[in-house]
Amino acid sequence: MQSRVLIHQADFDVSEECRALASSNRCGAVAQFVGVMRDYNEGDNVVAMELEHYPGMTERSIESIIERANTRWPLLSVTVIHRVGKLLPGAQIVFVGVGAMHRHAAFAACEFIMDYLKTEAPFWKKEKKSDGSERWVDARVSDAESLGRWAE
Amino acid sequence: MIKVLFFAKYRELLGLGQMTVELHSTTTVADLKNRLVKEGGDHWAQALLADNTLCAVNQTIAHDGDAIADGDEVAFYPPVTGG
Chain A
177 MQSRVLIHQA DFDVSEECRA LASSNRCGAV AQFVGVMRDY NEGDNVVAME
227 LEHYPGMTER SIESIIERAN TRWPLLSVTV IHRVGKLLPG AQIVFVGVGA
277 MHRHAAFAAC EFIMDYLKTE APFWKKEKKS DGSERWVDAR VSDAESLGRW
327 AE
Chain B
-1 MIKVLFFAKY RELLGLGQMT VELHSTTTVA DLKNRLVKEG GDHWAQALLA
49 DNTLCAVNQT IAHDGDAIAD GDEVAFYPPV TGG
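Order-wise, the sequence lines are chains A and B. Reading the first sequence from the start, the letters are residues 177 to 328 in our numbering. Reading the second sequence from the start, the letters are residues -1 to 81 in our numbering.
It should be emphasised that the hints constitute simulated quantities derived from the structure, not laboratory data. Every residue gets a Cβ at the ideal spot worked out from N, C-alpha and C, and that includes glycine. Keep in mind that a hint or two might mislead.
Unchecked claim - Just a few of them, taken from the derived set where beta-carbon distance is under 7 Å, the chain A residues facing chain B:
1. 186
2. 188
3. 294
4. 301
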């Protein structure tokens, strides 16, 4: 399996990533997820967001999640890109793409990686509301609960 | 000497992203928290002793009973909200 983990401020190009994930001749399926910034959260309009991370641990944590996915499903390629820094509504935040021989593995691994990224990878979001005030986003209980479906 | 890092809400609460701490002997995560709270006061208790405070030692998730040795990198941070 080939994997890439990229953490940076710059945007990413989904079609370019898709082509790269499908580059193996054995690849029969590519599943992709893109997380996008909303302009509304917890009842308030949000005008900007600042994403902080723990350099080094972030990459290790995502690589460990990819390894675990690869032991559950036969994967050919995985790319995870997460943006950090200041982002505006409508911006792409995160990309998870998985290439495999068949669709089931690609779909399942893509969801698995995203579910664990939400609960393990050390990123934090701070929102700026339309009145100029800022707040740290609280972790959602539902994100921790969605890991239950991967229990073996 | 160990390096101690704080992220997000805790970094702001403490007004500090990183510090170094002299370690006289091998200690545990819980011992380090108690020592920092004792030296620092209320803000430190809010950051380090909250029920959901997470800790990593050398960039791997750690718990209260885990050991810390000289040269380690220890991080304290709130629940993560990426994705």
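- [ ] Please name the hints from earlier in the document that this structure breaks, with their numbers sorted from lowest to highest.
- [x] Violated hints (numbers, rising): 1, 2; every other hint is consistent with the structure.
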